[in-house]
Amino acid sequence: MTQTTNDTIVACATPAGYSSIGVIRASGEEAIRYAETIFTRQADQPLESNRAYFGEVIDPTTQEIIDKVVVTVYRAPHSYTGEDVVEIACHGNPLIIERILQAVIKTGARIAQRGEFTKRALLNGKIDLLQAEAVLDTVYAPCDEARKIAIAQYEGKLSEQVEHLRSGIFDLLVTINAAIDFSEEQDIEVNSESTDAKISSLIDRVTTWLNDSQSGIKIKEGYRILIMGRANVGKSTLFNRLLGFDRAITHETPGTTRDYLEDTVALGGLYLILYDTAGMLGKATGVDQQAQERTMQLMEGADLILLMFDGSEPMNEQDVNLYNITKHQPTIMVVNKVDLNLRMHAPDILKDCVKISAKSGHNIEALVDTIRSELLPVFNTNQPIITRERHRQSLEDIRKDLQRAREAPTTETMAYELRAALDVCGELTGKIINKEILDRIFDEFCIGK
Amino acid sequence: MTKTQCYDIIVVGGGHAGIEASLAASRMGFEVLLITLNIDTIGQMSCNPSIGGLAKGHLVREVDAIGGEIGLLADRTALQFRMLNRSKGPAVWSPRSQNDRVQYKLLARQILEQAQRITIKQEEVQELLVSGGSVIGVQTGIGNEYRAHAVIVTTGTFLNGLMHIGLDSMTGGRLAESSANRLSNSLQKCGLKLGRLKTGTSPRIARHSIDFSILDVQYGDEEPSAFSLRSGEILRDQEPCYITHTNPETHALIQGGLDRSPLYTGKITGVGPRYCPSIETKVVRFSGRDSHLVFIEPEGRDSGECYLNGLATSLPYDIQMAMLRSIKGLSTVEITRPGYAVEYDFVYPVQLHPNLETKKVKRLFCAGQINGTSGYEEAAAQGIIAGINAALCIRDEKPFVLKRYEAYIGVLIDDLITKNTEEPYRMFTSLAEHRLILRTDNVADRVMQYGNQYGLIPYELWQRFQDERHEIDRTVDTLRSTVVKPEAANPVLRERGESELPGERGGQSLYQILKRPNMHYQDIQQIAELHFDKRIGTRVEIEAKYEGYIKREQELIARLQELEHIMIPQDFEFQNIKGLSNEARTKLTEVRPENLDQASRIQGVSPADVLVLLLYIKKET
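Protein chains in written order, with our numbering: chain A, 1 to 449; chain B, 1001 to 1621.
What the hints contain is simulated information worked out from the structure, not anything from laboratory work.
If a hint is listed, it holds; no wrong ones were tucked in.
Only pairs whose alpha carbons sit at most 30 angstroms apart, straight line, appear in this in silico DSSO-like list of lysine-lysine: (1) B:K1362 to B:K1419; (2) A:K400 to B:K1551; (3) A:K198 to B:K1515; (4) A:K431 to B:K1403; (5) A:K218 to A:K431; (6) A:K431 to B:K1578; (7) A:K198 to B:K1551.
Short, incomplete list of chain A residues facing chain B, as computed with Cβ under 10 angstroms: (8) E83; (9) R120; (10) D128; (11) L173; (12) F182; (13) S183; (14) E184; (15) P409; (16) T410; (17) T411; (18) A420; (19) D423.
Nothing here was measured: the structure is a model prediction, and the numbers come from that model.
We treat Cβ as the ideally placed atom computed from N, Cα and C, and that holds for glycine.
Extracted from the complex, chain A is given alone in its bound form:
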């Protein structure tokens, strides 16, 4: 992030590749003038703010028409970056996009760096640091739940809450400082019991928030779901069914899957990382044994296990074994092949399971619903959910500082810890400059956002 001047930057805001529409965005003092140079339309009045104009982009060197486009103009400060912004919607052909970009650059703009549009929005005070991160999270939200959280953060909900926490700590610090600085002139004394109680309630608030953040991070990073079962119960068929395409080879030969397979999918509003594992055999040796050891390792980090049974066959030793192994982990029991004759006799399992046919897709929706209700966290607060490790770490630090404050041996050391907590709040929202954090955040951005 070496260049941040008010020169005019331009980049393609839509993904590379063919699409019906491509959008090129320019921001900066000269953005509108550049647009007017390359853009022609029938009525020749100046471009007004917040209006879309249909016309043509002309190559400034060759004077040929590059494409028919729609141009929208936003004037500072009422734009995403807080500067003059022009968006050119053209046909989504990479060749056209490249030609238009070149045309804008020829008139004087330069290509934007990674994250530069959002960085300008931040620098121009349009958004704070948490909102800048939310832009990224909104763009890359892998599922609907993650999108909801990101958009709330973009709206400033998280910033509001951090500010709320900050002001709680600040009020306390003011009282303590008053007791230190005016102890001889006024009868102000710090009531240590009420101070303790206030700090404790702040700690509780941060703690519930942190607990919720575990789920928040999962929503964004994805839940790990392990499909388990003995050989030939139809694990790979279910895997493919959930993914919506034939990712795994399925065959009636038991043990078709050896090395586990992994893929991601958004289902029921959640982002899932699915694992298809090797079928469990009674006594495995060699490669089979290794495959089963891997399954056991995966099991440890899994958020949910789909334990599959073959409904068309009686329970065997392996089924029972697996049932016992997975007993202490969040598990959904899935009885497959219910389109065939039911031969399984296990009333306990049958009562609590989801009966499906992976092959026909029967009852898969019910399974997805069960997965969702099993995973979707019940949040303890209506506080905005945290989905980033940076935020979680800051909250951890704040909690640590508050705990130290509660145990501080003297008034002024208590004030020191509270001040440290305040500083972390400031770093979280970007009120306190920490260049390292900013650099890292903007490095995540793609050009054109």
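Once you've looked at the hints, dock chain B against the given chain A.
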């Protein structure tokens, strides 16, 4: 016009800033001319007869360690010593003294008169002489012209001073003293922007008219703590103060007089200090409280007057009288001098460089209340800094600027030059973000090196300090390396209510044991039969207890220095930078910060602005 006389440095004003400025500059080898409106009021304590107090005590000790006089003056004229905030941690302990008002000013004058290279004249400076953007001297009311290489203005509340008692007002900087009315114009002609502030003081009362028998007494500390490292042990008798309170009747009387209060009729336009309000302001603003504390303080050992701390007022005389007589112990009180308010011109301190030189006029320095501060200690602190810097600037040497993490003086001056004072500025410990390392016990560690560097402290004192520092380090090493067995430590730990050391596992170092909240250095001596004196013991104990915090502070400071080391070029054009907010552009142009750290503290400059600056500067250099 008489013949022009030449000096090196002229100091205008003989208050607490002027005294320090004159002494520092003369001790650095320069010929100083001190011009005052009245030689008899050099070193006058205009308000409370006391020095130090919370955060102010820190300032006094810092000035002392750099080689200033205020600590010695206070110690030698003290009637009572108290270490404030004893119930809290040592970082916020602050020494305070009650002083003999008359003795203090006599001693101050004597020291100036006996100092080498100081000439004192009683005249009114009316005009600053400026040539080619630099000050070259002053002109006085009787037509004399004095030339110098630098001028330090320390005029306190005397610039266009206007006093109020009720609806009566009279010109003057202090009761029964004249004001300086022409100098304000001259400062404005120099291009400096002036504002108007207000402060007030309490009535003085006749000692014989107070019924002390029914009042609470407040004695000094049994073991007085001197301000100055040069004072040694204080052996003299101490005088008590007395405590009384206002009551609902007092408040009703005050309410009844508000229609003749210059504060509430709009007569006073200057802004007063929020933290040190007049009694009428306290009654109006905190209408829920039916009582306020009042301290009755001795004016001097032989004085027949007492001072009423907490009752600053500019109410009319009859109301002052009635409200005092409604207070317990004062039912037959006689006022010797009424309380009054004073309005005065001040120079907006953002117009100063960190060395207290004005940005408009080279070699013109301002220090003390003229910069919008309040208090003798704040004035003295600026005085010594201005004195040293005037000398350095003549020598063409690098300015002397203390950092915020080095001294309260650094916090004070940095606040003044980066934030425009809207009310009289008073030092508070909470303004110092590095409070835990800016203690009164480690003042020599923090700033004495500068006193030594500029030749302001006796060599003997410097030597003594270094010896003491070595002894502290040696003692710390001993305590760290001495591991004691549970059987030796546990009896003392038990006695102090600390958890005992476990039986089987070897023991613990004395240093670790000293870190525990209830353990004191005496306990360590008891456990290990070590001998070190009280001074060393106290300091080792504080350093042990704060060790963790000190480490964290040092890490923080290291991070701050990153911004501090990013210098903003002198000719940097803030106006041309688009990313800055309008307010930031204006403020940055006005203040012209020297580095990014300083820029980040300017009011109206947001973190986003700092980031913009950072990116620009990185790009340009």
